[in-house]
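Peer 1: Chains as they are written, first to last, in our numbering: chain A, 2 to 415; chain B, 2 to 415; chain C, 2 to 415; chain D, 2 to 415.
Treat the hints with care, as some may be off.
Just so you know, same-sequence chains aren't split out, so a pair can sit in one copy or run between any two.
[To be verified] List of simulated lysine to aspartate or glutamate pairs, EDC-like, C-alpha gap at most 20 Å:
1. Lys314 - Glu353
2. Lys154 - Glu202
3. Lys139 - Glu84
4. Lys380 - Asp206
5. Lys208 - Asp20
Calculated from the structure, these hints are not laboratory results.
There are 4 protein chains.
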Amino acid sequence: MTNKRKIINDPVYGFLTIDDDVIFDVISHPYFQRQRHIKQLGFTSLVYPGAVHTRFSHMLGALNLMTRALEVLKVKGVAITEEESLGVRLAILLHDVGHGPFSHTSERVIADVHHEVLTLMFMRRINEELPQDDKGRKPLDVAISIFEDSYPKHFLHQLVSSQLDMDRLDYLSRDSFFSGVSEGVVGTERIINMLNVCNDELVIDEKGIYSVEKFIISRRLMYWQVYMHKTVIAADTLLLNLLRRVRQLIGRGIVVSGPEYLMGFMSQSYDAESFEVDASLLERFSLIDDNDVMTAVKGWMSHDDIVLSTLSKQLVHRHLAAIRVSDRPFASEQIEQLRMRAQELYCISLDETAYFVGTGILRNHAYDFNDQEIKVLYKDGSCRDISEASDQLDRHFLEKQVTKYYIYFPKELK
Amino acid sequence: MTNKRKIINDPVYGFLTIDDDVIFDVISHPYFQRQRHIKQLGFTSLVYPGAVHTRFSHMLGALNLMTRALEVLKVKGVAITEEESLGVRLAILLHDVGHGPFSHTSERVIADVHHEVLTLMFMRRINEELPQDDKGRKPLDVAISIFEDSYPKHFLHQLVSSQLDMDRLDYLSRDSFFSGVSEGVVGTERIINMLNVCNDELVIDEKGIYSVEKFIISRRLMYWQVYMHKTVIAADTLLLNLLRRVRQLIGRGIVVSGPEYLMGFMSQSYDAESFEVDASLLERFSLIDDNDVMTAVKGWMSHDDIVLSTLSKQLVHRHLAAIRVSDRPFASEQIEQLRMRAQELYCISLDETAYFVGTGILRNHAYDFNDQEIKVLYKDGSCRDISEASDQLDRHFLEKQVTKYYIYFPKELK
Amino acid sequence: MTNKRKIINDPVYGFLTIDDDVIFDVISHPYFQRQRHIKQLGFTSLVYPGAVHTRFSHMLGALNLMTRALEVLKVKGVAITEEESLGVRLAILLHDVGHGPFSHTSERVIADVHHEVLTLMFMRRINEELPQDDKGRKPLDVAISIFEDSYPKHFLHQLVSSQLDMDRLDYLSRDSFFSGVSEGVVGTERIINMLNVCNDELVIDEKGIYSVEKFIISRRLMYWQVYMHKTVIAADTLLLNLLRRVRQLIGRGIVVSGPEYLMGFMSQSYDAESFEVDASLLERFSLIDDNDVMTAVKGWMSHDDIVLSTLSKQLVHRHLAAIRVSDRPFASEQIEQLRMRAQELYCISLDETAYFVGTGILRNHAYDFNDQEIKVLYKDGSCRDISEASDQLDRHFLEKQVTKYYIYFPKELK
Amino acid sequence: MTNKRKIINDPVYGFLTIDDDVIFDVISHPYFQRQRHIKQLGFTSLVYPGAVHTRFSHMLGALNLMTRALEVLKVKGVAITEEESLGVRLAILLHDVGHGPFSHTSERVIADVHHEVLTLMFMRRINEELPQDDKGRKPLDVAISIFEDSYPKHFLHQLVSSQLDMDRLDYLSRDSFFSGVSEGVVGTERIINMLNVCNDELVIDEKGIYSVEKFIISRRLMYWQVYMHKTVIAADTLLLNLLRRVRQLIGRGIVVSGPEYLMGFMSQSYDAESFEVDASLLERFSLIDDNDVMTAVKGWMSHDDIVLSTLSKQLVHRHLAAIRVSDRPFASEQIEQLRMRAQELYCISLDETAYFVGTGILRNHAYDFNDQEIKVLYKDGSCRDISEASDQLDRHFLEKQVTKYYIYFPKELK
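Isolated chain A (complex conformation) (with noise of 0.2 Å):
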């Protein structure tokens, strides 16, 4: 425990600060140190180099974020007890603390559990962790109710989770940064100045429209750009069929090295219940990061098995797969096709080919409406969605649905 004020220089936003004991005390916790080893966007650095900062990062500058959103909100008048915005603050700085290796990509896989799912549980075990105050409270207590959404002021969870939450006001900004992508940059100090509270919903100001507008349109930029990129989606998509074929090979008796906390995960399945009745699963789960898996396909490469050996040498050498995206989906003769020509360029089996050709959708929305809507709060004193409010984001912009199908395969094959 230390009582100093930290500051700590983030390329992003230039100074972060930390004037909270609690605060410190999380971040200096091992699962909280372990997202230094967990990249934000995967193998997107495959196609933008710079792009290789890591979670720990996200989450301190969300954290960063949220801190001045409370001060325009306190400053508007909204009421924010001193027990809350600590809360709110805990709540978004350990909200991706779930997260596994390459996050999203290998999710489900290494452990069949939802990283959200994750995070309320390393937020428990941290919690437990923590002293009580002579209340008997804990530290985590309103952090956990916020982000679960149990707690009563609910624009309180909308700051950690909605569609302007501070979560994803602070990976655009982050994204866009360290890719390179300087369209994705989006105003973010501006729409936390626009930030405001009405009826226990989080809105934004009249004024800020233009720039939620231009919020959403620079998401859906950087949702073609960089999220979904071809080769992003190469490299996931190999990820996937490697770990896949581990678990195949070692379901039939096969030995497979590697690091011992992930091999662990590898030839066992886990789903959250597992979790809830081993409690040193969490413990082992929070040992393995990108280091592991990258280490692990290394030595992966001169394995016997072919299928293996051969999609690890791909991953390593970046000799991806190529990737063609349609409107439609693929005519499964074109898929039987490419699996024969793939089966011969390999020499493996039919089946086999289905870890080299495959199939998949990319989906976006400008605006997810199944999500909660963005209220635009006027001068009258009047709330209105976004869809309402703006001259040309109409619905008819913001409801369509993009789905795109992408078909892979190898690039000798092109």
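Based on these hints, arrange chains B, C and D on the given structure of chain A.
Peer 2: Just chains B, C and D, lined up with the frame of chain A:
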């Protein structure tokens, strides 16, 4: 072999353009791709969380600056052939290809070879794999000659390695950018615009004096504030002690497991000669990077040896040693006392305390006189060294070498 | 005539390089230098204090983008001769040279001539002063032909004036930069890298679609947030009313003094024909800029006419009218009522209240269909308009024209 | 009087927040608004076209830094009351309000009064107009006392005026930003975070030493590269000679017309006493700014006096004198010779050549010892001057004063 102009986003410079097939092939080579997994600044990200950028992006960035510098010099009438232009660009592109895990930190510990010697080995190996032209020349012939400084035009070597080389210009800009230490910013573009050649020496036009002064001061600031930050020194020292302990245990016949390729270098001591004798060694060395080290250290947290497991936990959990810095060497009594207290703290032998308590030296020249001097080209055509040309950064200032002494010991003994 | 490469610092792009003597001479010409005293965004700095940048820097910036665009097009194999290259660069350099004080605001009020017509007059006048080559050609011949769109290669004109011209790319970046409205940032570098030519039309490569979408949205945001900001509208309207009042008073024989060159245009009404008839008129027009207007207005604060002095004080002291914006035209009763109250407020006649109360229209297309469409070049060599190519920015979105109505009146009547 | 939080976009810092009614009123005052028309760097934009930023934005920027500095000091436990906090913010906001056209250039030429004396006069005049509170105090009482350094807490004055005041921190950042001289960038945020108070002196925390060193070097670089750029010196000298010629002609009874308020100061010589005697003088002074000077000079291009018209044309057309800089004073023979050649060139009397040929001195301290020293606060609580604390910026370096001599003469005589 592709024949298209490739554009890579880079957050520091915006866009990098690759317009040559040989350069494209070299970048695609596994020996180059491995640098994606070696951080430019090793453990610096423990202090500056954004500074996780890689050698890969640094080498591309240095290539970009070289391309710009060549344009400037050609406009100024400096004779540079197409072949030389490609050669010097390949030389800067590959100048760091010999770095192993954690770059300088583990240099000579994993293999007792200077990274520049390894760079040359990698360059030659890549060159062998490339096709020769009809005159029997290989694409990297000129690059290797420039890198070794055996090429007749000496200034080409200076663009790769000297007080004002493209390496330094890129790393200062890049490290400043990713760490968020904005004060390290260097007027890269202006300095490049001021480059010139005089008597086969790389010089700076008179108008660029202030920029060079600023560059020297920035470099010094980056040294003390970033490269020699206490926390970084503590982590570097910890890793070195860790690797030494592993070697010692293996020497004693104790099993220490870990990623295959890394452990191969832990159980043997290789020097430059070994690499010449055993051609496979370079390939095996090429297979280890930061990932292997971090994965290994996590595994060692549960090793039976208390020294190894303690050091490993300290590194993984960022529980680093305390560092004191002084203008004078530390008294041996002070060291002995700390070692005795460490012995008690960890219940280890006095000998073993050498892994937890020790001293070291930090040194920093503003400007290194053993190195080549920066020469300034005056309008009248004469050249003088910057220490004579600068109003204020005179020899008194530039020659001043700062030596500091540090001692490290367990935080608990504070 | 100098023969050296000149480098100019520009905060937006870093460095601008001038490497051609004709370009250097044109920049040195008084007709070009006068643009140092005409702000790019007129009264916008009343809202965004940083936005005091000049047409001078915009024109240099647009030249810089043109130089880069030409490099990109040449690499892609588009045939552009040296003469055309210089011509199109001179055309963009001079494209705004015809602007008078406060650019668009006072256009047609000081002289009833469109600024592009004046630009052509200035270009021809400068061309006359430049020496002809041995074939009897003048340096600006090609530039003028491109500017007028009479040059055979149409895409060269489009680089100067079209939906994706270098003018817009520069002004959006520059206005965003100086105003501090970071959301207006456009991926200039990426768009330029995606430019291409197809059937003599300037097009964008398929990969650049998202950047163009972003560009269109950014432009719209800048329109509403900056260019049509209420305060700017209020100040623009105020200046127009001021100048109209001056004309009216002079028409009635009342002496209104002020800077000589400006007053020459206040006591007469000149149109394009006048400029052709009287060759000295252009020279006299070239002698007025923002300084004269502001100096004059300060002097008019003490004029006997209450309308003129009141309007002048309001502008100098930034005591601007209130503005209401609505989706519908304002009722004439509302206007009448406000005028009656203004009459009382200032003790002026009802007629004179027209200088203080009035209405106007704001219009904004996301994308102007009367203008040329942005065409997208597909990998298969086909071209389609972006409204067909874009997933989301479809014709429905792009065609939507937003019309808003505003009323202005003295703040005291709020 | 409004009661709302106002946000102003600033390209340097993003957003400036005005949250106090008195501050809002002071900014709205005509004496403050006039600084919109006085460029921060006078003729510097003749070299750096982006550097057209105004004193207005500088004063707002300095206020912003002050607000942040106060937050930092309060967190560190420095006792600052609400009244003092407002006072020191008003003091920095108004610190440059006394500047006349072209700031320092025309200081003492238009009126023979130091700008700080004028600042005090403006502060007192504004204070008179503001309402007093129930204790008979006026809003600017504390601000004036701090500005004059008569307020008991000396460090408050140092925040406004000292080696490390908010004025310098802002202008270095701002001038560097707008000029595009990125090397001038100062770690403003870090320096502010390192501020502290010790024995009523503003000091810097030990950890901030390198940033302060960098700040001193940057300031020096900005001096030579921007503030004392040859072209700026030439333009400044030209304006001074122009105004002197106008005074001389008027003294001889020759009519020189121009903007009324400016000419009032040209036909009389006013000193500080005059301003005290004639209360209306300050108001009249407040009505002149850069616009009047530039408008006047344009008018003088057609004056009958060949000296005045020549000087005027040179300034308007940017046809500036040649400048030679030397370490030694120029020989009187050289000056005489140039004057004789100038006499011939312009067909003027030898006396009159003094307007075209002359000499001057440039001086620059890295660090001014006549001024207060920057003190460093060590962890042990002791304070030392930075020249003792810094490893390299020792007294030898800091004391070194550079004096240069320049001569200017018509370019045609080169």
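Peer 1: Look at each hint and say if it fits the structure.
Peer 2: Here is how each hint holds up against the structure:
1. Lys314 - Glu353: Close inside one copy (16 Å), not across copies (41 Å); limit 20 Å.
2. Lys154 - Glu202: within (9 Å within a copy, 46 Å between copies)
3. Lys139 - Glu84: within (11 Å within a copy, 39 Å between copies)
4. Lys380 - Asp206: within (8 Å within a copy, 43 Å between copies)
5. Lys208 - Asp20: between (32 Å within a copy, 18 Å between copies)
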